[in-house]
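Next come the chains, spelled out residue by residue.
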Amino acid sequence: MARFILRRGSLALLTLFGVSVLTFFMFFAVPTSPAELQCGRDCRPAQVQNIERQLGLDQPLWTQYGQYMKGIVVGRTIGQGDTAIKCEAPCLGWSFRSSEAVSSIVGRALPVTISIVLGGAAMWALLGVSLGFISALRRGTWIDRSAIGFSLAGASLQIYFVGLLLQVLFVYTLKWLPTPTYTSPFESFGDWIVGMILPWTTLAFLNSAIYARLTRAQMLETLSEDFVRTARAKGLPSRQVYLRHALRAGITPIVTIFGLDLGVSLGGAVITENVFGMPGVGFTAAEAARQLNLPVVMATVLLAAFFIVLTNVIVDWLYAYIDPRVRLG
Amino acid sequence: MTDTTEEEDFLRVDDLKVSFATMDGTVRAVDGVSYGVRRGQTLGIVGESGSGKSVSSMAIMGLHDAKRAEITGSITVGGRQIVGCPEEEVRKLRGQTMAMIFQDPLSALHPYYTVGRQIVEAYRIHHPNASKKEARTRAIEMLDRVGIPRPDKRVDSYPHEFSGGMRQRAMIAMSLVNDPDLLIADEPTTALDVTVQAQILDLLEDLQREFHSAVIIITHDLGVISQIADDVLVMYAGRAVEKGTVEQVLRRPQHPYTWGLLNSVPSLHGDAEADLVPIKGSPPSLLNRPSGCAFHPRCPYAGQNGDRSFTDVPELLPVLDDVGHSVACHLPADRRREIYQRDIAEAGVAL
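Residue numbers (numbering that gives the first Met the number 0), protein chains in the order written: chain A, 0 to 328; chain B, 0 to 350.
Among the clues, some could well be false.
Chain A side only, calculated, beta carbon under 8 Å to chain B, not exhaustive [as the list claims (entries may be wrong)]:
| hint | residue |
| --- | --- |
| 1 | R7 |
| 2 | T229 |
| 3 | A232 |
| 4 | K233 |
| 5 | P236 |
| 6 | R238 |
| 7 | A248 |
| 8 | P252 |
| 9 | D322 |
| 10 | R324 |
Don't read these hints as lab results, they were simulated from the structure.
From the three backbone atoms N, C-alpha and C, an ideal C-beta is built for every residue, glycine too.
Work out the full structure: start from the sequences and follow the hints.
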């Protein structure tokens with residue numbers, strides 16, 4: 000088991016390395032020069048060259064990549080002479096536009112995204128799996144049909160529609176909730192929940208459909224398995240047969256999808272954050288892309304890749320935990 | 000150990016009918032079957048796929064979905080009526096009073112739980128006061144009893160870490176963990192190697208002697224029947240066509256279907272070159288059962304007694320001069336004896 004975890008872990012590190020190389024080199028294909036951007040209007044070529052030298056942009060790509068990676072691990076100094084900037088580890092570059100380290104920008108945005116996504120994901124997984132579970136057990140009845148209808152409606156609607164609709168209804172018309180805002184849960188747990196409840200509900204409504212359908216299909220399949228019949232023949236009460244035997248056996252693909260969804264969303268729930276005006280990673284990335292603030296874009300792309308790889312590793316580990324047969328491979 | 004229940008049937012099935020409503024019509028999987036099993040007795044139920052042998056045993060265990068299956072007739076287990084009994088009461092009997100072993104132990108055991116945990120679960124449902132430790136000790140004891148080496152280690156193995164025979168032993172250990180009075184084994188050796196088959200059958204015989212339970216073995220293999228059963232019920236298209244002791248049914252078979260079954264078994268003692276004679280045709284559709292005797296489309300002797308084979312369903316009637324042996328066939332008794340002597344006798348002796 001320990002060897003399995005180690006092997007998957009090191010494989011993930013390798014993947015991350017590949018992704019970072021790819022991202023880094025891709026940014027040099029973008030037809031903008033960071034030096035020109037920093038220089039501003041009416042910039043003479045000599046000035047641009049000067050800035051490029053200061054920032055190390057005239058160095059070969061591999062050297063620059065090495066610098067960037069070194070910055071993440073131990074920090075680095077950007078530029079030379081009296082304009083040099085000390086960038087602490089983990090240094091993700093420097094935003095000349097807002098004159099601050101990219102890591103502090105990301106550091107501000109990340110808790111917002113994590114709050115939205117973790118809470119939302121917990122809700123959509125719970126809602127989706129329960130809906131699918133119930134409709135499988137009540138197959139063919141009105142409960143089944145309305146559960147599937149409900150999740151289908153969620154899947155076919157868009158977040159900017161549902162999000163705004165819910166906001167108008169609960170915030171402006173009914174005045175049950177304040178405008179969604181992020182408050183750190185460490186400052187005020189209650190405010191955090193109240194501020195997040197709309198984005199969570201919206202995400203849950205929209206994303207639970209696939210979980211409901213998957214869970215329903217999985218349950219229908221495992222319910223006809225021999226080991227479920229064995230469980231019933233033992234005299235287990237239905238609840239335990241369904242949960243401990245049928246659902247447990249069908250949970251693997253659900254965990255996979257959940258891991259992927261979680262990874263993608265943690266890299267920035269772009270539309271959700273924009274709809275609710277919450278300055279998370281996705282919001283920040285979109286803004287940075289509009290302003291061609293490349294160091295920030297680069298950092299958010301890397302972060303997104305990091306989360307996808309991370310959740311994949313966790314899913315792999317979970318697999319081994321869920322299915323003992325995986326531990327052999 | 001000689002109480003009055005010895006002589007009575009522990010399990011009694013009377014005129015059991017099980018049908019399922021499907022899109023294409025009503026499937027009559029079991030259509031009026033009666034039998035009884037005493038403690039210490041082994042009843043073998045033989046038949047092809049679709050003969051209703053598994054469906055009837057699932058009905059005994061109360062495992063049919065009440066919404067989909069219509070069950071009539073009577074099933075009593077230790078005097079308690081199963082048909083129409085509330086699910087919660089049947090559930091308490093399952094695994095405790097009556098237990099079941101299935102055909103393919105790999106798919107019948109849950110792949111994600113250790114063998115020990117599955118046995119512990121079976122024990123603790125019916126012994127809610129037993130601690131986990133007691134249940135585990137009991138599981139190890141049972142694994143030891145069914146002949147699994149180093150049971151204290153193997154108790155923590157997963158089903159996929161066991162061989163086929165070991166899995167079936169574990170399955171048997173699980174079904175016997177609560178000392179059930181009735182054990183139903185549904186094709187317990189079909190998925191196993193021939194050498195392992197014999198071991199498992201031996202084990203079942205030993206255990207039955209030890210636990211003194213009533214046992215039903217469902218199989219399509221007459222070899223299994225001859226090795227382990229005391230009585231035989233031959234089923235065809237949801238009905239019993241022949242019933243009697245192993246001696247009666249295998250040595251003096253009366254029904255053309257039983258003859259067919261015997262003829263399709265290779266013989267160790269007979270002529271190795273002799274061709275096996277399969278039964279012509281295939282089992283009938285239960286949606287559209289043939290009129291009269293359901294076996295008539297495949298029976299070489301149909302029509303030898305007027306049109307009755309095509310119009311009347313034969314009743315299961317006692318065989319003359321053979322107490323306890325009964326058959327459902329329109330052929331007159333002397334005609335049956337004649338055909339049997341002429342065409343079949345060799346194969347019957349082979350077993």
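Structure-based check of each hint:
1. R7: Violated: closest Cβ of chain B sits about 19 Å from R7 (chain A), beyond 8 Å.
2. T229: 5 Å, holds
3. A232: For A232 (chain A), the interface hint holds, since the closest Cβ of chain B sits about 5 Å away, which is under 8 Å.
4. K233: 4 Å, holds
5. P236: 7 Å, holds
6. R238: 11 Å, violated
7. A248: Where the cut-off is 8 Å and the nearest Cβ of chain B is about 6 Å from A248 (chain A), the hint holds.
8. P252: 14 Å, violated
9. D322: 6 Å, holds
10. R324: 5 Å, holds
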